[in-house]
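Visitor: The chain contents come next:
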Amino acid sequence: MSTKPGRRVVWGHLLLLTVIVGVVIAYLLDARGVSTRVNNLLLVQPAAILALILAALVLPGLFPQRGSAEEDELPKETPADLMRIFALIGALAFLAFSLETIGFDIATFIFMVVALAICGERRWWVNLLFSALFTVFLIYGYGTITPFPFPLTIL
Amino acid sequence: MIELNAVSGAFALLSSDINAWLYLLPGLVIGLVFGAMPGISITMAMAFALPATLYMDFLPAIIFLTAIYTGAGFGGSVPAVLMGIPGTSSAVATTFDGYPMARKGEHNQALGVALASSVFGCLVSYLLLFFLIAPVSSVVLKLGPLEMFAVAVWGMLLLGSLAGRHMSRGLLAGVFGVLLGTIGMNTAGFIRGTMGVPWLLDGIPQIPAMMGLLAASQLIGLINTTYLIEDEGSRKISFSKILSGLKTAFVYPTIILRGSVIGVVIGAIPGVGSSISNLLSYSETKRNAPDGDTFGQGNPKGVIAAESANSSSEGGAMATMLALGIPGGGATAILLAAFAMHNIVGGPSFIANNKDIVYALIFSNFAQAILLLFVGLGFVYVASYVVRVPLRFLIPSVLVVSTFGAYAIEGSASGPITLWIFSVLGWAMVRYGYPVAAAVVGLLLGSLLEGNLLRTNQISGGDFISYGLERPWALLIFALMIGSIIMQALSKRKKLKQAAENSESRSASEAS
Chain A
461 MSTKPGRRVV WGHLLLLTVI VGVVIAYLLD ARGVSTRVNN LLLVQPAAIL
511 ALILAALVLP GLFPQRGSAE EDELPKETPA DLMRIFALIG ALAFLAFSLE
561 TIGFDIATFI FMVVALAICG ERRWWVNLLF SALFTVFLIY GYGTITPFPF
611 PLTIL
Chain B
328 MIELNAVSGA FALLSSDINA WLYLLPGLVI GLVFGAMPGI SITMAMAFAL
378 PATLYMDFLP AIIFLTAIYT GAGFGGSVPA VLMGIPGTSS AVATTFDGYP
428 MARKGEHNQA LGVALASSVF GCLVSYLLLF FLIAPVSSVV LKLGPLEMFA
478 VAVWGMLLLG SLAGRHMSRG LLAGVFGVLL GTIGMNTAGF IRGTMGVPWL
528 LDGIPQIPAM MGLLAASQLI GLINTTYLIE DEGSRKISFS KILSGLKTAF
578 VYPTIILRGS VIGVVIGAIP GVGSSISNLL SYSETKRNAP DGDTFGQGNP
628 KGVIAAESAN SSSEGGAMAT MLALGIPGGG ATAILLAAFA MHNIVGGPSF
678 IANNKDIVYA LIFSNFAQAI LLLFVGLGFV YVASYVVRVP LRFLIPSVLV
728 VSTFGAYAIE GSASGPITLW IFSVLGWAMV RYGYPVAAAV VGLLLGSLLE
778 GNLLRTNQIS GGDFISYGLE RPWALLIFAL MIGSIIMQAL SKRKKLKQAA
828 ENSESRSASE AS
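Residue numbers (this note's numbering), protein chains in the order written: chain A, 461 to 615; chain B, 328 to 839.
It is worth saying that the hints were derived from the structure and are not from the lab.
Misleading hints may appear alongside valid ones.
[What the hints assert, rightly or not] In silico BS3-like cross-links for lysine-lysine, where the CA-CA straight-line distance does not exceed 25 Å:
id, chain 1, residue 1, chain 2, residue 2
1, B, K824, A, K536
2, B, K682, B, K469
3, B, K682, B, K563
4, A, K536, B, K822
5, B, K563, B, K431
6, B, K563, B, K574
[Unchecked claim] Partial selection, computed: residues in chain A whose CB lies under 10 Å from chain B:
id, residue
7, V494
8, R497
9, L502
10, V504
11, A516
12, E533
13, P535
14, I549
15, L555
16, E560
17, E581
18, W585
C-beta: ideal position from N, C-alpha, C; glycine also.
My request is simple: use the sequences and hints to build the entire structure.
Guide: The structure is reproduced here in structure tokens:
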């Protein structure tokens, strides 16, 4: 009977590698669909093939042996830590996609309130006050440095 | 060696434009403040400030960014000394002796030593650049498209293989970046990978993507970081003791000079930069010092070695970026993006046709280094407050500022959306050991690589081998490239094997 410790699957890394490989394959197929002439594929095709070979070389790292040095290297956040990161990513997505529709002022204020709460600010009055002041300061301050017409709703 | 016409042109440029000087002080202060905040790197500070340069002229914009670069170099040493936490990765070796000095009550001297070494290192690196830029430009002008392609690939491979622990991941990050950099219409008129999105015709918006990969992604990763701060609140700042620290640095000219030279050479190699040069200079100084056994216990020589090397890396990295148009890391990638924002292409032709601008940048950096001496002295008084800015306020605030910047640069939601996508990608890459700097440089160099390869194809009529055999420099670069990659692979393999053995012996001792 083997006494070797088993291997684990690093699901997050597997997802990242799947995304990279997926993007590379989709791009290669799209480029080949446009034209198979040398001037189109001279760099893209060999680079895509190289990326796929490198991805295959990375693959064993996704299944490290338990207790190995590679497993020690893996991030060690708790599920709660990860949830905070995903919540912040979600809040940033809201900001990026809503800026033009609800206005920079409202989107910024909502993002600041939510993100401050995610980052650990528990005093609600500090949160609201800082978010409001920061939004006003940023809209007028940034507008002075960068005279770009940001769509606004209230300010 | 020095082109006097260009030098006088540089003086004319600097003396006729007040804007060239106007952004020097704000740049240094921004660099110092951001560099002093634990977790915020030099690259992040520059990435956040990049959109603000959109409405500046070219020279003031680059001076502003290099001032941030210079300021953040010293800023990183402040928390390294006061808290034992490197503000930036370039200040890791500063903690080895800076923090023990602070614990002995010599924090003022340590800060003085760090400031003097930073200023001197920066001056030396730009002095070398001043003398070498003209001969280097005449050499790089002889490089054809095949040589440029070879140099760009070599730089990328070095960056991918040296950064991070796993070579395959570094190389994959670089190649993936190159592929993303070729999305859109190429120089031959083919449109690929746009998925029908009109704003991708010009390629992925580079600056928001860089801000996402280099800055926002790191901020997301910082959310669960807490820094343990000990009894630093009671540390009093004494001007006279800082001045004595400044003098101490010059008692050891050999260490400063050695550190500066190591910094310049290492800084010029893509993928290495200041985060390695400070460690290398520290270990070299420790090896050569008669009192090497006192290193790590508060020996000022350790601080001098680390700080002179990390600040002089800037000049080395600038040399590669200016001469070849190839960024060696995140900071120079941002500078190159700023070039592109002003419709200027970095590289051999820029350096040959705009020597006056290059000399103006060098002179401005002399001024920055000298100004840093005074601004740094003043900054030390407020530094203990800056290093304590709570991350819970900093993270959302800086994320919003970068989103605004991304919008201002692209003029539509494409900027913030790109920033978001690449910040998530960057966070995941950092989490699993992929060097994001390699992906960023790939993204920037993708179109350059493809353009040079297409030109080589046209010149050679498709016969790459016969054409390549006529280009000995290209063959030499390819040979060096293959040699260095094999060396790197062997060295990484040895390190991983050693780590595995250490881990096995540790688990065996735990079991017994």
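Visitor: Run every hint past the structure and note whether it holds.
Guide: Structure-based check of all given hints:
A threshold of 25 Å between alpha carbons decides the hint, and for B:K824 with A:K536 the separation of about 22 Å falls inside it, so the pair holds. At roughly 17 Å between alpha-carbon atoms, B:K682 and B:K469 fall within 25 Å of each other, so this suggested pair holds. For the proposed pair B:K682 and B:K563, the alpha carbon gap of about 46 Å is over 25 Å, so the pair is violated. A hinted pair counts as satisfied when its Cα atoms are at most 25 Å apart, and A:K536 with B:K822 qualifies at roughly 22 Å.
At most 25 Å may separate the alpha-carbon atoms for a hinted pair to count; B:K563 and B:K431 meet this at roughly 13 Å. Between B:K563 and B:K574, the direct Cα distance comes to roughly 20 Å. Compliance with the 25 Å bound is thereby established for this hinted pair. The beta carbon of A:V494 comes within 5 Å of a beta carbon in chain B, closer than 10 Å, and the hint placing it at the interface holds. Look at A:R497: its Cβ gets to within about 8 Å of chain B, closer than 10 Å, so that hint holds up.
Given hint, A:L502 at the interface with chain B, holds; its Cβ is 5 Å from that chain's nearest Cβ, closer than 10 Å. Residue-level restraint check for A:V504 holds (minimum Cβ-Cβ distance to chain B is 6 Å; threshold 10 Å). The beta carbon of A:A516 is positioned within 10 Å of a beta carbon in chain B (closest approach about 9 Å), and the interface hint is therefore held. Because the smallest distance between the Cβ of A:E533 and any Cβ of chain B comes to about 7 Å, under 10 Å, the interface hint for this residue holds.
With a least beta-carbon distance of about 5 Å to chain B, the hint placing A:P535 at the interface is held under the 10 Å criterion. Restraint check, A:I549 versus chain B: the minimum CB separation of about 6 Å is within 10 Å; hint holds. Given hint, A:L555 at the interface with chain B, holds; its Cβ is 6 Å from that chain's nearest Cβ, closer than 10 Å. Taking 10 Å as the C-beta cut-off, the interface hint given for A:E560 holds, the closest approach to chain B being about 5 Å.
Here the hint on A:E581 is kept, as its CB sits about 5 Å from the closest CB of chain B, short of 10 Å. Taking 10 Å as the C-beta cut-off, the interface hint given for A:W585 is violated, the closest approach to chain B being about 15 Å.
Checked against the numbered hints above, the structure violates hints 3 and 18; every other hint is satisfied.
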